[in-house]
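*Asks:* With this note's numbering, letter number 1 in the sequence shown gets 23, and the count goes up by one each step, no holes.
The set of hints was computed from the structure by calculation and includes no laboratory data. Note that the Cβ used here is the ideal one computed from N, Cα and C, for glycine as well. Heads up, some of the hints might be wrong.
Dumping the calculated DSSO-like pairs for lysine-lysine here, alpha-carbon to alpha-carbon at most 30 Å [claimed, not checked]: (1) K74 <-> K108; (2) K136 <-> K108; (3) K136 <-> K99; (4) K109 <-> K74; (5) K42 <-> K74; (6) K39 <-> K136.
Computed beta-carbon distance windows for the label pairs [what the hints assert, rightly or not]: (7) P112 <-> V53: 14 to 24 Å; (8) T46 <-> A82: 35 to 45 Å; (9) F149 <-> A82: 26 to 36 Å; (10) V126 <-> E81: 14 to 24 Å.
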Amino acid sequence: MSKSRHVSETPATQFLKQHKVAFTEHTYDYVDHGGAGEAARQLGLDPHAVVKTLIMEDEAARPLVVIMHGDREVSTKNLARQAGLKKVAPCQPEVAQRHSGYQVGGTSPFGTRKRMPVYVEDSILAFPEVYINGGRRGYLVGLAPAVLTQLLGAQAVSVGLE
23 MSKSRHVSET PATQFLKQHK VAFTEHTYDY VDHGGAGEAA RQLGLDPHAV
73 VKTLIMEDEA ARPLVVIMHG DREVSTKNLA RQAGLKKVAP CQPEVAQRHS
123 GYQVGGTSPF GTRKRMPVYV EDSILAFPEV YINGGRRGYL VGLAPAVLTQ
173 LLGAQAVSVG LE
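Using the sequences and the accompanying hints, generate a full structural model.
*Replies:* The following block contains the structure:
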């Protein structure tokens, strides 16, 4: 484990343990707006294998989760089309925080305050292991991406912009 610092449990790690999911823990120094790229750089990970959790909303302001490669942006137009919605847009940070229960920059798709539909970029599922936020800034968990579809019912979409 890189820079092993004990991290107290988060709703995300509690959820993973409850479901007996094997995961590794990786801590790094959180940098404002550094995002997944900064985490990958500090931890020496493939930036494509570090994935970000985005809280977005549809035309009726219903929240949804999008899991995307850390080095890619989401095409909201393609996402809306593939999800059968009229419109998808990112939530304001305070709204995202209310839906997820997590601080922006520390959002995990696991153990969210509200159950929301989850969409995952399909190429993420091809990785043997991905690194995703563990519910706190500066904290990633490494796990098999199949967990996203098995536990969260994540729907695979192809919405990444190069």
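*Asks:* Each hint should be assessed against the structure and marked as holding or not.
*Replies:* Hint check:
no. : hint                     : verdict
1   : K74 <-> K108             : holds, 23 Å
2   : K136 <-> K108            : holds, 22 Å
3   : K136 <-> K99             : holds, 24 Å
4   : K109 <-> K74             : holds, 21 Å
5   : K42 <-> K74              : holds, 22 Å
6   : K39 <-> K136             : holds, 19 Å
7   : P112 <-> V53: 14 to 24 Å : holds, 20 Å
8   : T46 <-> A82: 35 to 45 Å  : holds, 38 Å
9   : F149 <-> A82: 26 to 36 Å : holds, 33 Å
10  : V126 <-> E81: 14 to 24 Å : holds, 22 Å
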